[in-house]
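The residues making up each chain are set out below.
Number of protein chains: 6
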Amino acid sequence: MRPSGRTAHQIRPVTITRNFTRHAEGSVLVEFGDTKVLCTASVDRTVPRFLKGKGQGWVTAEYGMLPRSTHSRMDREASRGKQGGRTLEIQRLISRSLRACVDLKLLGEHTIVIDCDVIQADGGTRTASITGACVALADAISWMRARNLIQANPMKGLVAAISVGIFDGQVVADLDYPEDSKAETDMNVVMTEAGKFIEVQGTAEGEPFALEEMTEMLELARHAIRELMDLQKAALA
Amino acid sequence: MRPSGRTAHQIRPVTITRNFTRHAEGSVLVEFGDTKVLCTASVDRTVPRFLKGKGQGWVTAEYGMLPRSTHSRMDREASRGKQGGRTLEIQRLISRSLRACVDLKLLGEHTIVIDCDVIQADGGTRTASITGACVALADAISWMRARNLIQANPMKGLVAAISVGIFDGQVVADLDYPEDSKAETDMNVVMTEAGKFIEVQGTAEGEPFALEEMTEMLELARHAIRELMDLQKAALA
Amino acid sequence: MRPSGRTAHQIRPVTITRNFTRHAEGSVLVEFGDTKVLCTASVDRTVPRFLKGKGQGWVTAEYGMLPRSTHSRMDREASRGKQGGRTLEIQRLISRSLRACVDLKLLGEHTIVIDCDVIQADGGTRTASITGACVALADAISWMRARNLIQANPMKGLVAAISVGIFDGQVVADLDYPEDSKAETDMNVVMTEAGKFIEVQGTAEGEPFALEEMTEMLELARHAIRELMDLQKAALA
Amino acid sequence: MRPSGRTAHQIRPVTITRNFTRHAEGSVLVEFGDTKVLCTASVDRTVPRFLKGKGQGWVTAEYGMLPRSTHSRMDREASRGKQGGRTLEIQRLISRSLRACVDLKLLGEHTIVIDCDVIQADGGTRTASITGACVALADAISWMRARNLIQANPMKGLVAAISVGIFDGQVVADLDYPEDSKAETDMNVVMTEAGKFIEVQGTAEGEPFALEEMTEMLELARHAIRELMDLQKAALA
Amino acid sequence: MRPSGRTAHQIRPVTITRNFTRHAEGSVLVEFGDTKVLCTASVDRTVPRFLKGKGQGWVTAEYGMLPRSTHSRMDREASRGKQGGRTLEIQRLISRSLRACVDLKLLGEHTIVIDCDVIQADGGTRTASITGACVALADAISWMRARNLIQANPMKGLVAAISVGIFDGQVVADLDYPEDSKAETDMNVVMTEAGKFIEVQGTAEGEPFALEEMTEMLELARHAIRELMDLQKAALA
Amino acid sequence: MRPSGRTAHQIRPVTITRNFTRHAEGSVLVEFGDTKVLCTASVDRTVPRFLKGKGQGWVTAEYGMLPRSTHSRMDREASRGKQGGRTLEIQRLISRSLRACVDLKLLGEHTIVIDCDVIQADGGTRTASITGACVALADAISWMRARNLIQANPMKGLVAAISVGIFDGQVVADLDYPEDSKAETDMNVVMTEAGKFIEVQGTAEGEPFALEEMTEMLELARHAIRELMDLQKAALA
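Residue numbers (UniProt numbering), protein chains in the order written: chain A, 1 to 237; chain B, 1 to 237; chain C, 1 to 237; chain D, 1 to 237; chain E, 1 to 237; chain F, 1 to 237.
Watch out, some of these pointers could steer you wrong.
Stated by the list, open to error - Straight-line distance between alpha carbons at most 27 Å, and here's what the computed DSS-like set of lysine-lysine pairs gives:
| # | chain 1 | residue 1 | chain 2 | residue 2 |
| --- | --- | --- | --- | --- |
| 1 | C | Lys105 | C | Lys156 |
| 2 | F | Lys82 | A | Lys54 |
| 3 | C | Lys82 | D | Lys82 |
| 4 | C | Lys105 | C | Lys233 |
| 5 | A | Lys52 | C | Lys52 |
| 6 | C | Lys52 | C | Lys105 |
| 7 | F | Lys82 | E | Lys52 |
| 8 | F | Lys52 | C | Lys52 |
| 9 | F | Lys52 | E | Lys82 |
| 10 | F | Lys182 | E | Lys105 |
| 11 | F | Lys82 | C | Lys82 |
| 12 | B | Lys82 | D | Lys82 |
| 13 | B | Lys196 | C | Lys196 |
| 14 | B | Lys82 | C | Lys52 |
| 15 | A | Lys182 | D | Lys196 |
| 16 | E | Lys82 | D | Lys82 |
| 17 | A | Lys54 | D | Lys182 |
| 18 | B | Lys182 | C | Lys52 |
| 19 | A | Lys156 | D | Lys182 |
| 20 | E | Lys182 | F | Lys105 |
| 21 | B | Lys182 | C | Lys105 |
| 22 | F | Lys82 | C | Lys52 |
Hints in this document: simulated from the structure, not taken from any laboratory.
Okay, chain A solo, but in the shape it has when bound (with noise of 0.2 Å):
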């Protein structure tokens, strides 16, 4: 039995809310139970340096938690004066997950940056952030296209991440912080909608874990992928 009651395969209440912010191309919150993260897509006329003169694009993004975003009230990274190494690989494994879905060439030399802000934690904030930023990258495309910005549309397809783990012994979808924080393993899985991988991370916590566990996790991020997608696409239409 889970903690929440949901069975192994159930992921939590998903909601996706475009336009939730003025200022932003693309704004949206998104809610996996009670984690909810804005993600704001900005479109930025130039690129960077290493990337000047190429014609091509990219896409970025950045990843912060509010100080009271979780249980026990954490330091504010920019009063310590760094980010610390799990914001930095969040923010690395969002980025490459955007930027898996983009061609970069058709984009033109323009930046998509993507801010993904917890506003409150559950667990699977990194996995919920890559879901709604690809919402929001979706929409700053749109609103580029509508300004002639860019002829053809540099969107391969969705992605969307969902996490898995072993909890309890039983492999189980969508761990809330409950689960998280005693789960024996923990994978963040990224796929495409054609059903393939981007990124795959799976760490022992507790137990290692076999390769029999890995592919029944991995089947069950597949399936809990799929539905999230259903969920991207109704909040675009």
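With chain A held as given, fit chains B, C, D, E and F onto it using these hints.
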């Protein structure tokens, strides 16, 4: 005529939503029109080193803006590695304002940290922060009293804040961004329930201002703050 | 009775020594009693990046305290690796005050940087800094005109600043450290030659203050600043 | 055909040299072909603050690259003033991998710090680091036991790591730099002696990958890691 | 002929003004011609952590230049966020020089911090700093003895410092900035009252120098330092 | 008797291994007994900003110690976020020493960066660094000439460095760590092939030293450096 169509004395619609997030001991979303700030209060059972063993508590605030809370994206302070001068100045102002309404002796050896994070900015983020933070502080103190962490109520009364200024030659209340960016004078005023001043910070952005204008602005601020305090009381009721 | 024996309206002996050091285009030692600040003005033939090509100049200030300018030694900010919030707040105040007395268009594409370094502190370092910096700025501008770097005089008039406050129930001018550390209210006021306000920053350290007290403090400030401007003019004569 | 002429399953020549430097409690130079990493283990008789008094130890790792370990010189992180995201990500991975093979209770209140410094890079520095660090850790633990700092052996078994990937459409093991920089998919796998997974991190650099490809890569990794463990055992014999 | 018209052996006019500022336990303005350095000594009743409980004291120095102490304005180190290599090198030199003249055991568990802040620079700031700091240190020690913080005098004697060098083929003493910026060799020498060396730091900026030149420079330094010590003694009398 | 059994004039066994790593244009492992430093030279086809367009090149060095190159582990500077004063001082010394043997005009608009990374420390790391770096520099220059990046040889001759000191009352050469940590005086000497001095840095750690002792140390250094240069020439042959 103000850009928003408001009369000179009219403040924007203000809403105060308590319990906006789950984890904090006080969590308030405050909205002054399109300006939206999340204020959370966190209770810590220690005090800063300079107060160790002095039998009193501490109240302090931190302030941040989400990178795309503004018209064009601002660099993330955590990523730049330091908080800017404006940020530090604002969090010092919020901190002093909140300490002015708490009897630190009655608070005992506890620290309350108020985080004010701007979700969406449209002028007046510091005054909205103070007004919302006061309610989050009141909730955190109720939480402490319910758990018998403190006996007496350390709160001496409410504080609230409003910006006033001279826009297009006219004294106006609660400037939004289009006004703020063109105002000749901008003044932030923090007051107590008794109608006395805690902070007054006036800056001539364009033309210097005369004593009569200052007095007129302060009267207007007093009026607006009384309205805000009615809203605070209604929210806390 | 004030600790120094001064009357409520009496400011400390003020001296303004020009050409205190050799290298700067303007170099002024300003003394408000035991508070001594060295203000140097440096002319730079470029402008910050955000002003490139806009045909206007810039004026900005930096502020620092020598580690043992104070009663007990403060950590050196260069060694701690960052400037504190108080420092940044003060240098923003000085910068705004000085820009208020310069027509940036007439300055052409030049930057004047004013460094205010506190040699000895006894209260009122920010108001002494502004008062001395204005004279250093005037000297730097004369230096520029003598070299035909600019044609017209960009200086719109003098600025000076004084602190006023409520000490022991009485409104007093130019608080020294023993007063400042116990004052109920502390207010810094920056004015133009025409007797108008550029900045007013009042803080209730103890008791909140009433509008009548504020008005009384501002009147007193106006009087004191007129005295300071006579001294500035005498120094520049 | 792989650029190095190796078969798809063939790993590079691996050498493990113990006691490479004099001062550390464990010091191992590990070479995977042209990739050379110095792994030192340092025993510290304290624990980090969050573990004080809990009767258990800690194992952590740090990672760095010499500036000219790579084809073109990288900036020195000490001189830039911060460690990059890649560095932090790798040292978090090494740390978790090593903690997975140690019973922290049996380690007592000691910390073992493993430093992995890349002398020369040719792909696979993180997997070489884990493989070499495990041997340095074993040496440090022997050193502790020889001095009766701990009674029982806290080491639960060996860990080793290999990269696998899809290069030119083919699943290959132990990618060197020419392969790594062009691979469609790159996956780092960390395993126990029992053939179970501690970490799996797969990234589609180019084309997303299918579940069957993933399974094939994991099987190949399992095979390669078994080879590495034979070399670790031979080195420790 | 030297630019200043001085003979090769002639040092600049040197003045040592004690009690230059009010708060420090020792406060000396030292002038070597146009080079002016404020040296303050602060007594702290603790010792750094590495000396806790060892029954001895510590002497350390910090060094800084006001931004416009130099011909063209230097960036403020506090604002750049770190002290440069030259600054750190100089404060390490001053610290070692001062420690060489104090018996740290007799100082008891106290720390004396010497701050050397350059008000105006014209070459030789580090040697002026050491020469002035020694007098400030002596004053701080007298202050401690007058308050019975220490019984015996921990000062073993005076130290002073001079720069010597090869300018235009000639060995000269006490180089000013026009000489220093063109000298072939620049050497800083720190000596005791007994005429022995504490520090010798010679650098060939242009041509390498021969042993005979070195010996000649050291003889000249010895002579000049004797003059400086007479001035120190006169100031302390 | 020296702890190592060496005679007073005897330096440790010195080896210079060229091409120690693959990627750098010059790569030398230098060993002075148990002190081992990897020196790599990297050719960059640009110059620092202050030299742009001046038709000359630049040579600079960086220095670091691996965390466990020392008896007890030192904090990693990249992780602490800044390089310490000792590190900066040493890399400034190495930089100046190397620039002294290169005609920067003949180098053209290229920068050569020398990285000196201490693999194992046993005293004398800065003198070993200079001695090895000179060989790496020569190799990088040969590499440039072979590619016709420069026509004439910009190298004016070799430089090498040795430490000398007073240990147990006796003047000794090439102090190892047990001597260095107890020496009364420690002096680092950098010389040219012609037997002239580039840098002399002598510090009395314990007793101040006399001119005769200094002369004796310099003679000893001259002798030892001649030996080092024979080894450099043999390595380069």
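Against the structure, the hints come out as follows:
Between C:Lys105 and C:Lys156 the alpha-carbon distance is near 12 Å, which keeps this suggested pair within the 27 Å criterion. For a cut-off of 27 Å, the pair hint linking F:Lys82 to A:Lys54 is broken: about 35 Å separates their Cα positions. Distance check on the hinted pair: C:Lys82 and D:Lys82 sit about 15 Å apart at the alpha-carbon level, within 27 Å; holds. Restraint check for C:Lys105 and C:Lys233: the C-alpha separation of about 25 Å stays at or below 27 Å, so the hint holds.
For the given pair, A:Lys52 sits about 21 Å from C:Lys52 by alpha-carbon distance, which is consistent with the 27 Å threshold. Using a Cα cut-off of 27 Å, the hinted pair C:Lys52 and C:Lys105 holds, with the two alpha carbons roughly 13 Å apart. Distance check on the hinted pair: F:Lys82 and E:Lys52 sit about 25 Å apart at the alpha-carbon level, within 27 Å; holds. With a CA separation close to 21 Å, the supplied pair F:Lys52 and C:Lys52 stays within the 27 Å bound.
With a C-alpha separation of about 25 Å, the suggested pairing of F:Lys52 with E:Lys82 holds against the 27 Å cut-off. A C-alpha spacing of about 18 Å is found between F:Lys182 and E:Lys105, which places the hinted pair at or below 27 Å, so the restraint holds. Pair hint F:Lys82 plus C:Lys82 holds up; C-alpha atoms about 13 Å apart against a cutoff of 27 Å. For the proposed pair B:Lys82 and D:Lys82, the alpha carbon gap of about 13 Å is at most 27 Å, so the pair holds.
Pair hint B:Lys196 plus C:Lys196 holds up; C-alpha atoms about 24 Å apart against a cutoff of 27 Å. Between the alpha carbons of B:Lys82 and C:Lys52 the distance comes to roughly 25 Å, so the proposed pair stays at or under 27 Å and holds. Distance hint between A:Lys182 and D:Lys196 is fulfilled; the C-alpha atoms sit about 19 Å from each other, no more than 27 Å. For the hint linking E:Lys82 to D:Lys82, the alpha-carbon distance of about 13 Å falls within 27 Å, and the restraint holds.
Distance restraint check for A:Lys54 and D:Lys182: the Cα-Cα separation of roughly 19 Å lies within the 27 Å cut-off, and the hinted pair is therefore satisfied. Between B:Lys182 and C:Lys52, the direct Cα distance comes to roughly 22 Å. Compliance with the 27 Å bound is thereby established for this hinted pair. Restraint check for A:Lys156 and D:Lys182: satisfied, since their Cα atoms lie roughly 21 Å apart, inside the 27 Å limit. Distance hint between E:Lys182 and F:Lys105 is fulfilled; the C-alpha atoms sit about 18 Å from each other, no more than 27 Å.
Between B:Lys182 and C:Lys105, the direct Cα distance comes to roughly 18 Å. Compliance with the 27 Å bound is thereby established for this hinted pair. A hinted pair counts as satisfied when its Cα atoms are at most 27 Å apart, and F:Lys82 with C:Lys52 does not qualify at roughly 33 Å.
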